[in-house]
Structures are given as C-alpha cells and as structure tokens.
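Here the protein sequences line up with chains A and B, keeping their order.
For the first sequence, the residue numbers in our numbering are -4 to 389.
For the second sequence, the residue numbers in our numbering are 6 to 171.
Misleading hints may appear alongside valid ones.
As the list claims (entries may be wrong) - Covered stretches of chain B, as calculated for chain A (at least 3 residues, CB under 8 angstroms):
hint, region
1, 27 to 41
2, 99 to 111
3, 129 to 143
Said to hold, decoys possible - DEER-style ranges, computed between Cβ atoms:
hint, chain 1, residue 1, chain 2, residue 2, range
4, A, Thr106, B, Ile147, 17 to 23 angstroms
5, A, Thr(-3), B, Val18, 53 to 59 angstroms
6, A, Pro89, B, Ile147, 47 to 53 angstroms
7, B, Leu108, A, Val36, 43 to 49 angstroms
8, B, Val18, A, Val179, 32 to 38 angstroms
9, B, Met78, A, Pro89, 20 to 26 angstroms
10, A, Gly344, B, Leu152, 18 to 24 angstroms
11, A, Val296, B, Ala14, 41 to 47 angstroms
12, B, Leu108, A, Ala28, 36 to 42 angstroms
13, B, Ile147, A, Met349, 26 to 32 angstroms
14, A, Phe215, B, Gln50, 36 to 42 angstroms
15, B, Ala14, A, Phe288, 54 to 60 angstroms
16, A, Phe17, B, Ile147, 41 to 47 angstroms
Said to hold, decoys possible - Take a look, some chain A residues computed to stay more than 12 angstroms from chain B by CB distance:
hint, residue
17, Ile6
18, Lys52
19, Gly253
20, Gly308
If you are wondering where the hints come from, they were derived from the structure by calculation, not from laboratory data.
No residue lacks a Cβ here, since even glycine has one placed at the ideal position from N, Cα and C.
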Amino acid sequence: MTQVFVQLDQIFVIVKYWLLGFVPAGWQPLVSAIVSVVTVVIAFPALFALVTWFERKGLGRMQNRYGPNRAGPAGLFQPIADAIKSLTKEDIVPLAADHVVHFLAPVLLVTAAFLAYAVIPVGRNMIVVNLNAGVLFFFAVGSVVELSVFMAGWSSRSKYSLLGAMRAIAQMISYEVPLVLASVVVIMQAGSLSTVAIVERQAGYTGIWPHWFVFTPWGFVGFALFMIAATAESNRSPFDLPEGESEIIAGYYIEYSGFKFALFFLGEYLGMMATSGMAITLFLGGWAAPFPFLAWIPSYVWFFLKLLALIFGFIWIRGTLPRLRMDQLMNFAWEFILPMALFNMLVAGVWHFMPPGIPRWLVCIAMVATPCILLSMRLKRKKKLQLRTYQFAE
Amino acid sequence: MTASFLILALLTVAGTAAAMGLRNAVHCVLALTLGFAGIAALYLQLGAQFVGLAQIMVYVGAVAILAVFAIMMTHKPGQAEASVFSSHWIAGGVVAAAVFAVLAWAIASSEAVFQLLPPQPDVTVQKIGDALMHRFVLPLEIMGLLLTAALIGAVVIAMDRKEETK
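Throw the hints in and build the complete structure from the sequences for me.
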C-alpha cells in the first residue's frame, strides 16, 4: 500500500524519466531541461487563471456581491473569456512611445517572473534546478523586475505611467531590503542557500508538530515580515500605490492594452505566487505535510494547498485593508520592518547558541516581543489615533 | 570555447557596444544592463554562482536603476538628442587600438599563459561565507562601516537641502 503512495508522490518524476527513455542519451540533459521548463510554463499560468477567478469570487463575497457567475459553472470559465478578450483586443501603442522598449518591458517582466520558479521545490524531487545558491538566485531574478517596471513606465511617454513607475521602483527597493533580511534568518539556521537543503532541514516531527521554521519565535516574525514585504513587492493592496486606480489610474502599465496588458497582469501574479512559494520553502516546510499521519498525500498537493492558502491570505487582506499613503508606506518600511528584521537576526543567533528547552523559548519570545512593541509605539507617537466618525455612511 | 560561451560573449560585447553607440541616454543604460547581464551569465557559466548572482543583483537590480534615475533627474525635456560621438573619435580609436595591442602583445608573450592551470578549487557560497566571516571579517566590517557612513552622509545632504528651502 505504501508503495502506491510513494509512486503517486513521484508520479511526475516517473513520467519524466519514462519520457526521457525515448530520446538518445546525448540529448537527455537538453530534453530533461525542456520538459521541466515546459511543465512550469504550463502549470503556473494555469494556476494564475484559477487564482484570478478565485480572487474575483473571494473579493465579491467579501463585498457582498456575486463576482463572475456567467461563464461556466460558478463563473469558472471566466479566465478563459478574459484571455480570449485580451487576445482579440487591439494592441495600441502610443505614437510618442519608444516602440522597442515598450515591447520589451512586458516580455522582460514575464521572463524574470518565470525564472524565479526555477529554484522553488514544488514537491519531493520536483525542482527545475537545485542551485547551490538558490535563494540568492531568487532575489537576483526578482531585482530584474524593477528594471522592467522602469522600462514600461518610461517608454510609454506618459506622466501617469512615469509616476507609477517611480512609485513602484521606490516601493520595491524599500521593501526588497526587509524581504532579503527576513529570509536571512532561515539561511542562518539552515546553513545553506539551496532551497532543497532548506526544505530538508525542516523535515521531521515532534509528536504531531512539524519542525517548520515558522513555529519558532524568529521564524514566526521572519514569516510575518516576509509576507508583508512580499505584499509590497508584488504591489498588492494595501501597498498598491503604484497602480492606485483612484490616483494614477493603473500606474506604469496604463499605456498598455490587449495582450501586453494581460502579460503585465500575468507577471504580477506570477511574481506573487513565486514569492509565496519562496515563503513556503523558507518558513512553511516546503512540500512537507503538516502532520505525520497526513504524509501519504503527495508532496506537490501540499505545496499547492499551502500556496492557495497564502494567496487566500493576500485576497483577504486586499478585501479588508485600505491603501496606505506614500509617507506611511516608507515610514513603515524604514522605521518598523527594517529594524525588526535586524533584531530578528539577533534573535536567530541567540536561538542557535542557547541549549534547547523552555528558557530558550522564553528568552527568544521576549527578545522578539520587546522591539516589536517599542517600534510600534515609536511609529504611533505624535499621531492622533481615534475612532473615525462617518458623516455620510453608517 | 563552447557555443554558450560564444553566445554570451557576443551578447556582452553587443550590449556594451550599443551602450557606447546609441543616441538616447536611457537606451544606453538599458544596453549596458544587457552587457552586465551577459557578464553575470559568463560568471555563472564558469561555476562562480555567488559572483554571478551578486553581479545581477547589484548591477542589473541597483546600478542600472540608479543610472536611469540620474539621467531622468538631469535630463532636460525637449533637449535635442545630440550625437554622443566626440569629434576626436579617430584619435580616440587609435589610442584604444594601441592600448589593446600593447596588452595583447604583453599577454601573448607572457609565459604564464602557456603554463598548465592548476585545477580549480570548488568554491561554494558556503566557503565564501566562511572566508568572509573568519579570515576577512575585519575588512568586511570596515567596508560595512564605510557604506553606513556613506548612507548617513547621503541622508544628511538630502535633509540639509530641505531645511534651506523652508
């Protein structure tokens, strides 16, 4: 019986090697790479289509409306209708635009977003390349996105798109620092930059409790900081200033239409899912099951369940929180998240050198909670926070 | 010399050449970024993962953005896009060719080129980290202090200007 579950777990790996059996030995590395890449390029856009439906349905439910409900059962074919619509729409390029750069910007964005999936293990033995410096690769690829945002904003020759690009780049640079610093604690503890090694370090259970990094004081804080920074990196609400509809319409991709617009949309969601995948790898045990008695469920199922759970978190936050102001955004990054991430590194060091036991937990929780409270008080000072009275609505 | 090396070398040379030749300053920066990315890919091909990825992070992610911002802050709108070629380009070309010839001659006549290279040590990111944290910890700290001082200096300059306008 267990043999069946092992085979089910490894079914994609088995199929890949079965396919490789048909090609001559000299071509096998190339074909192996192509098979892995094509799988990623098909699977994640398919998930993107599902997520757009999920997001519209979820937001609709939170805002007391139905969401898409015409195409297919429960509006499930809405993404297909959207895709056909954006494919058939006219591709308008502004007359003054820089045509080559205007064309290259969405291409670069989507390429960089896809490259990030190369180092995310989606299941046991399921990773495109197991790089020695996988986490570093992920952040290096992520930094290319900023350039494509600039290219889009600048080449459109529109004030709104340039303003949106400026906002986006300022925000991405500010939040990239805490994003990297929040993941440094995991690298310190795992002693490796390889994503596969990081997942392996989180394997095993104490009783039914998994050894995930999120279940430690520094890991919990690191995860929270990572997710906040990830929300800002992927330009999602409440950090969606670069595309604030009520202020600068759509930000840096305002002058894009048709399929290029869809590519920006795709790139943004791919980026969000890749960062969530990284958060799962770093803090949530990767593809491991949350309880030992559920370990028979295939590893890739757990990865995608965790991914959908995190995406639901993003949707929930988008449906709940209002947009921040630019100064609030920057103050939050530099006065709260960055010092907190630095403190967290210190806590991770203390955790590493203290002997395991209750005292280690107490010391580390105190060391995490104190700066958190002090920094929030500092952020709150000189601000009159009171219950808002509504004049025109109840 | 493999095919991938040739492609990457061509990409790097084409990018940097375009960075010198294009008329629009932003295009130049984008072309230069292509050159940076090509160099990073060459590092990766040589197995130097840390250097290659750091090159992408620093040069493509930060330096290119800094350069385009600097151009946009200083560029006057409506300014005619003048040719970037100096009128003394023949003299410059001769000097460049002469320097290249001397360097090439020196390298070709050196004995070191024909000696067998020792086997490359397998440098992993972990080894680089160990070296930075043990043997080179003092230089690392000094670099960190220098960069922090530069950062604070930049903030101070930016703040002073704000008070003057008030």
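Going through the hints against the structure:
1. Coverage of the region 27 to 41 of chain B by chain A holds. Counting CB-CB distances below 8 angstroms, 5 residues qualify, and the rule asks for three or more.
2. Closer than 8 angstroms: that is the beta-carbon criterion, and the region 99 to 111 of chain B has 0 residues meeting it against chain A, so the requirement of 3 is violated.
3. With 3 residues carrying a beta carbon less than 8 angstroms from a beta carbon of chain A, the region 129 to 143 of chain B meets the three-residue requirement, and the given coverage holds.
4. With their beta carbons about 38 angstroms apart, Thr106/A and Ile147/B fall outside the hinted range of 17 to 23 angstroms.
5. Range check, Thr(-3)/A to Val18/B: Cβ separation about 56 angstroms, and the 53 to 59 angstroms hint holds.
6. Take Pro89/A and Ile147/B: their Cβ atoms lie about 50 angstroms apart, and the range 47 to 53 angstroms holds.
7. Against the hinted window of 43 to 49 angstroms, the Cβ-Cβ separation of Leu108/B and Val36/A comes to about 44 angstroms, which satisfies the hint.
8. Range check, Val18/B to Val179/A: about 36 angstroms between beta-carbon atoms, so the 32 to 38 angstroms window is met.
9. Here the CB-CB span from Met78/B to Pro89/A is close to 23 angstroms, well matched to the stated 20 to 26 angstroms.
10. At about 22 angstroms, the beta-carbon gap between Gly344/A and Leu152/B stays in the expected band of 18 to 24 angstroms.
11. A hinted range of 41 to 47 angstroms holds for the C-beta pair Val296/A and Ala14/B, which are about 44 angstroms apart.
12. Taken as a hint, the range 36 to 42 angstroms holds for the pair Leu108/B and Ala28/A, whose Cβ atoms sit roughly 38 angstroms apart.
13. Roughly 30 angstroms separates the CB atoms of Ile147/B and Met349/A, a value that falls within the hinted 26 to 32 angstroms.
14. Against the hinted window of 36 to 42 angstroms, the Cβ-Cβ separation of Phe215/A and Gln50/B comes to about 40 angstroms, which satisfies the hint.
15. Checking the proposed 54 to 60 angstroms range against Ala14/B and Phe288/A shows it holds: the Cβ atoms sit about 55 angstroms from each other.
16. At about 58 angstroms, the CB distance of Phe17/A to Ile147/B disagrees with the hint of 41 to 47 angstroms.
17. The claim that Ile6/A lies off the interface holds: its Cβ sits roughly 31 angstroms from the closest Cβ of chain B, which is beyond the 12 angstroms cut-off.
18. With a least CB separation of 36 angstroms from chain B, Lys52/A remains clear of the 12 angstroms interface cut-off, as annotated.
19. Even its closest Cβ contact with chain B, about 24 angstroms, leaves Gly253/A beyond 12 angstroms, as expected for a residue assigned away from the interface.
20. Remark: the non-interface label on Gly308/A is consistent with the geometry, its nearest Cβ contact in chain B lying 27 angstroms away (cut-off 12 angstroms).
Hint violations for this structure: numbers 2, 4, 16, all remaining hints satisfied.
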